[in-house]
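J.: Going by this note's numbering, the letters in the sequence shown line up with residues 1 to 171, in that order.
Because the hints were derived from the structure by calculation, they are not lab data. One or more hints might be untrue.
As a list, the in silico PhoX-like pairs of lysine-lysine whose alpha-carbon atoms are at most 20 Å apart [stated by the list, open to error]:
| no. | residue 1 | residue 2 |
| --- | --- | --- |
| 1 | K128 | K140 |
| 2 | K20 | K3 |
| 3 | K128 | K20 |
| 4 | K73 | K62 |
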Amino acid sequence: MLKYIGAITVVFCCALMGIKAAGEYRARTRCLRGLIGALELMREEISCMLTPMPELLEIICKQYTGPVANLFKICLESMSKDYGKGFSEAWNTALSLSQGLHLYTDETETLRALAPHLGRYDGDGQAKALSRAACYLSTKLDTAEREKSSNSRICTAIGVGGGIMLAIILI
């Protein structure tokens, strides 16, 4: 009886590991989608409404949740705390401190490249930089969607299958 309980526990734990790995793919696409939306919102607000950066960060914090909102919240807090700190420094600090964004290095560097352009008086330059970054992240989102559709099922199946094989070996 104890063997069977142990086998069921092994299968369950391995299945959870596979499901967690599949969840990483879903979280990555969710974060990329949120970042693209936030960058598009920033571009529209800057080019059409000329919204000041602190107000814009507050708007984004209210409209988004999770790691994306946390990124902009950290940036806003960093700007508020250190009055001498400009947007560039606050943005880089937020990118360094934010967790759970599931971004690859090149995507993080694309967001870092926005720092010198944002928070300036040149609205057109800011809008162009935001458009370029959103476009780049959109191509990465397409790749992440393909990875998610192919790899998330594989991760789940490997977790369940590996757990069953391990349980059979242990019994």
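J.: Hint by hint, say whether it matches the structure.
T.: Evaluation of the provided hints:
Under the criterion of a C-alpha separation no larger than 20 Å, the hint pairing K128 with K140 is consistent with the structure, at around 18 Å. The straight-line distance between the Cα atoms of K20 and K3 is roughly 26 Å, outside the 20 Å bound, and the hint therefore fails. Restraint check for K128 and K20: the C-alpha separation of about 37 Å exceeds 20 Å, so the hint is violated. For the hint pairing K73 with K62, the CA-to-CA distance comes to about 9 Å; that is within 20 Å, so the pair holds.
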